Structures are given as C-alpha cells and as structure tokens.
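Build out the structure end to end from the sequences listed, making use of the hints.
Chains A and E, in that order, give the protein sequences.
Just so we're aligned, residue 1 is where the first sequence starts under my numbering, counting upward by one.
Just so we're aligned, residue 1 is where the second sequence starts under my numbering, counting upward by one.
Just so you know, these hints were derived from the structure itself, not from any lab.
Heads up, a few of these hints could be off.
Claimed, not checked - If you want the footprint, here are the derived chain E segments under chain A, 3+ residues with CB under 8 angstroms: (1) 32-42; (2) 115-125.
What the hints assert, rightly or not - A few chain E residues that don't get close to chain A, going by computed Cβ distances all over 12 angstroms: (3) Asp25; (4) Glu47; (5) Gly58; (6) Glu59; (7) Leu64; (8) Asp70; (9) His103; (10) Leu134; (11) Ala145.
Treat the numbers as computed from the prediction; the structure is a model and nothing was measured.
Cβ coordinates follow ideal geometry from the N, Cα and C atoms, glycine included.
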Amino acid sequence: MIDLWLALPAWAQDLAILLALTIVPAIMALLVLRGYAPGALIRAVLRRFGWTNAAFVALIAVSVGLGVGLIAQERGLRQGTAQAADKFDLIVAAPGSEMTMMLASVFLQPSNVALIDGPTYAEIATHPQVRIAAPLAFGDSWEDAPVVGTTGEFARHLSDDRIEGRTWQAWDEAVAGAFVPLAVGDRFLPAHGLGDAAEEGVHADEATIVGRMAPTGTPWDRAILVPVEFVWVTHGLYGGMPPEPSEIGPPFDPERFPGTPAVIVRADELWANYALRSEFTREAETMAFFPGAVLAGLYRVMGDVRQAMSIMALVTQGLVAASVLLGLVILMRLFRRQVALLRALGAPGRFVLAVIWSYGAALIAAGAVMGLGVGWVAAELLSRIVTARTDILVVARLGWPELHLVAGFLCAATVLLIVPAFTVLRQPVVKGLRA
Amino acid sequence: MRLATIVLAAALAPLAATAEDGHDDHLAELDGLRAVHAWTRATDATETLIFVEIQNEGEVAVTLEGAHADGLDATLVGFRLQDGSPVYEPVDAVPVAPGRELHLEPDGLAIRLTGLSTPLAEGEEMEMELVTSLGEIEIHVEVEAADAIAHSHAGHNH
Chain A
1 MIDLWLALPA
11 WAQDLAILLA
21 LTIVPAIMAL
31 LVLRGYAPGA
41 LIRAVLRRFG
51 WTNAAFVALI
61 AVSVGLGVGL
71 IAQERGLRQG
81 TAQAADKFDL
91 IVAAPGSEMT
101 MMLASVFLQP
111 SNVALIDGPT
121 YAEIATHPQV
131 RIAAPLAFGD
141 SWEDAPVVGT
151 TGEFARHLSD
161 DRIEGRTWQA
171 WDEAVAGAFV
181 PLAVGDRFLP
191 AHGLGDAAEE
201 GVHADEATIV
211 GRMAPTGTPW
221 DRAILVPVEF
231 VWVTHGLYGG
241 MPPEPSEIGP
251 PFDPERFPGT
261 PAVIVRADEL
271 WANYALRSEF
281 TREAETMAFF
291 PGAVLAGLYR
301 VMGDVRQAMS
311 IMALVTQGLV
321 AASVLLGLVI
331 LMRLFRRQVA
341 LLRALGAPGR
351 FVLAVIWSYG
361 AALIAAGAVM
371 GLGVGWVAAE
381 LLSRIVTART
391 DILVVARLGW
401 PELHLVAGFL
411 CAATVLLIVP
421 AFTVLRQPVV
431 KGLRA
Chain E
1 MRLATIVLAA
11 ALAPLAATAE
21 DGHDDHLAEL
31 DGLRAVHAWT
41 RATDATETLI
51 FVEIQNEGEV
61 AVTLEGAHAD
71 GLDATLVGFR
81 LQDGSPVYEP
91 VDAVPVAPGR
101 ELHLEPDGLA
111 IRLTGLSTPL
121 AEGEEMEMEL
131 VTSLGEIEIH
141 VEVEAADAIA
151 HSHAGHNH
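Next up, the structure:
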C-alpha cells in the first residue's frame, strides 16, 4: 500500500489527500440528513438571523484567509528567491563567506570582499568547460540604481536576450534594468558609492543608455549594467586611455585586469558545473559555489520557521474551529425557543439534529470558501509589498497546501459540529419554550 | 600513579585499535584516488543519497562515472532548485583534476540509490563501489541521522 502511494505522482497524492479531507464532511452530511430534507427550514433560519450569520461567516473567512495567505506567501518568497538565482549557475570568488558573495552577486547587496586577480580570471575564462565568465564590478550608483560593471554576454544571458535597443559597443554605453527610470538615449553620471554614502561629482565620465532589459524578476531590474571597463576607467583602475570599442569585453588582458569580487560562470552541462566547482575550489585562492545550494541551505534553516508557521496556522485553524463551535452554541440560544417548539410539535430528535448540523455546516463551509478568496487577496497584497521592497518578483499563488488547510479545517469543524448539535438536543423542551 | 597510567593505557589500547579500525573504514584508496567519509541519511524510503569526499592525489585526471550497489540502482545526480524546491537530476561522468577534490554532499553532487527494501537506521553501515576511470573503489557507507548534513567525522584528516 505504501509502495502504491509512493508510486503516485505528486499531483495525484495531493488530489487524494484533498478528496479524503472533503469526503468526511460529505459522509457526515449523508448520515445526518438521511431521510430528511431540512433545506427550507435552514434557509429560513439563515434569512431570519442574516446579519448575525454574515458576521459569523466573515469571521471564519478572515481567520482561514490569514492562514492561507501566510502559507502561500512563504512559498512565493521561496520560489521568487530561487528564480532570482536561476541565472547564476556558479560563482567563483576569493575565499570568504558564500552567503555574503551570493547576496552581493545575485541580490546586489555589495560588501567589501577580496578580489580575484587577472591571471586567475583568465584561467577561469579560458577553461574549456566555461561558456560565460562574467566579472562583476560594484561600487557606483545613479539615484537608487546600482551601476554594475560586467560583460555584454552576461547582460544578454541575464535577460534571455530580451533587450530593447542593444547592448553596449563602447566603453561608455550602458543597458538599463527594466525598472530604471532612464530611457534609451538618456545619459547619466554615476555617483561614487551606494545609498546614503553615494558621493556625487566624484566621477567625470557619463554613460549613455543604449538598451533596456526585459523584467527579470530580480534586483537587477533596478540596476544599470555597464561594461566592466567603464567602472575600471572611472575609478582610474584601467590606466591610460579608455579602451577602443574593439577592446570592450573579454578576453581581458591579465596584466591590466584590476581584479573582480566575483565571476559568474556558466557551463553548458550540469556535470561541468561540478567539475568547475572542484577545479576552482582552492584553499586560500578561490572559492566556487552554487547560489542555489546556498539558498537551499538557507531554506533548510528557514524550514524550521516554515514548520513553526505551518503549526501556528494549524493551531490557529484549530482555535478558529473551537471558537466557531462555541459561537454556534451561543447562536443556538437565539433560536432556542424555535428548536423547542419543533420538538414540542413532534419533530424527531434526528430531524432537529439535522437542522442544527446543516445550519452550522453551511456557515462553516461558506466561511471556508470565502477564506480561500481572502487568502488569495492577502497573498497578492503581501507579494506586491515584498516585491516592491526587495525587487524580487514574488508571486504567491494558491496551491495544494492551501486547499489542504481549508479542507482540513472544514473536515475537523463539521465533525466536531455534532457536539453542539447534540448539546442543543439535550436541553429540556419546556425550558426552551419559556426562553 | 605511573602504574595506574600504564594500566589505563593497556586497558584502553584495544579500544584505540578499534577506533582506528573504525577510522580506516572512512577511507578508501585506489592509485592516488581517495574516497573519504562516505555517508548517507537514515531513511525508511526506497531511495537515498550517498555522499563522499573524493580527493585526486594522483598525477592524472580521474572521472567519476557512477556507482554500484548490490541489488540497487545507483545513479550520479546533481542538485538544483526548481521553483524553490530541491530536485536531483542525473549527471554525466564528472572529471576530477589532479590535486583537486570533488565533494559529493547535500545540495550538490550525490549518488542516488533506489530500490532499498529495508529501512536504513542510524549507525548502520553498507558497502558499495564507486565507478571511476581508474576502476572501482569499494567504499564503506555510514548511516547518519535522518537530518544530518555531514558525516559525523567530517573534518577529520585521513
């Protein structure tokens, strides 16, 4: 049986779990309603206490929706950060913190790190398995946009060759990220440094925007990419005259190469990445790492937080279910007299039980379904806020975990609903008629 | 005091020898190619990942081509993130240059064994062979905790 379950594709397992969770309320309904059709009476009760019922459904929807939104958001954030690192197969840098280098290279959060020298870069770039070896040069900005020196080949790789205009052909041309407020043809003068520490007027060389990348869903959408030679020239690191157009890009002269904090390496084959990692992991010389693996390590640490969040969401749903049932008991007091009258007129106890259970189940089901909608809206809003603040495209869609959460809540609440229904039945009829 | 030290040393000698023997299991060698600290995680699933550090101390490049394990399917696989979730994909043979190391480790390269019929419990051991361009190296795989991220002796020199 376990083998059969494990042999099922993931979607089939998810569907089976969803069906198992939803079939329980369906069986409960069949058992409770067997032989009775209390629909008209339930509709009348729903109409009679319309506002109270609506408030009850809204409370369930909000509490279910928050749990749904939180789980969807966590998954969206994980997928967004993984997507951002997708174009960065392998990074070679001077030995240090992989996390720091990943944040600098992938998420453009530069920090002071050691540089790789020209001969080492040349060795990486000329390795037979390397297709792209893009040096990075950080440190300048224009308004809030970091100015990053690299190669035209990397700009095309990063944008999947979706560049409006063209890539640079001269040392003082640039390609803007999708959300940089500069148009093709605009000129800009970079400031030295980033953020509050940026110093205007330090550099004298302007660059012209000649292309704009399509959105990549990464912080590079707000960056301006320039030839790495532009950064070297403006910082006086390249010596002598600016390079001629024919001298832009690799191969770089190892003697003139002033150093780079990181080289983004791309190979054609997955195995080659591992071979290159082995080749360029050298004690006290270079470290080579996969940003995806660093992120996976981070997710593993975050996994505990995720687990805590999931448990919190489950506990919250449990509390919501308990509150709903308690609320229903209180709600029943509103029509205690009507229930007692039904029983006094000779309605069988099971019919009364069916009415009370169906009424509660209708409220819970409506709240749970609306909760999915609230969760979707909450996830959308949170995604937009996170995307705006981090420049990482976060798309939080509802998936199987959210459906399981809602179905689980529906399952538990409708089963436990039988308790308040029986409680109402046990109340004395005469006392109820006098209520 | 000195007598007590001698007696204690004599009493501990067999234990030390055993520990040394245990440590010998951590290393397998073939013509300068060393496989150190092979391990896997405790699991009751039908597949598992094997990790090991490979050190090429020879003069020529060696290619890791795969692995053999009795009655099990062994595949060299590489890690990547797909939509934020880890997946392992089959990988062709990987060369190791002279003087370099290739680490088969979590979130990286690994050997995937499929077809396990019994659970692997922490503390158990299993034997298998790495297939390389030099030939096959028999390695001794230790089963670590289900949530381990490294061999329990990782960092020890051999």
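Comparing the hints with the structure gives:
no.	hint	verdict
1	32-42	violated (count 0)
2	115-125	violated (count 0)
3	Asp25	holds, 24 angstroms
4	Glu47	violated, 9 angstroms
5	Gly58	holds, 14 angstroms
6	Glu59	holds, 16 angstroms
7	Leu64	violated, 9 angstroms
8	Asp70	holds, 20 angstroms
9	His103	violated, 8 angstroms
10	Leu134	holds, 16 angstroms
11	Ala145	holds, 14 angstroms
Violated hints, listed in ascending order, are 1, 2, 4, 7, 9; each of the other numbered hints is respected by the structure.
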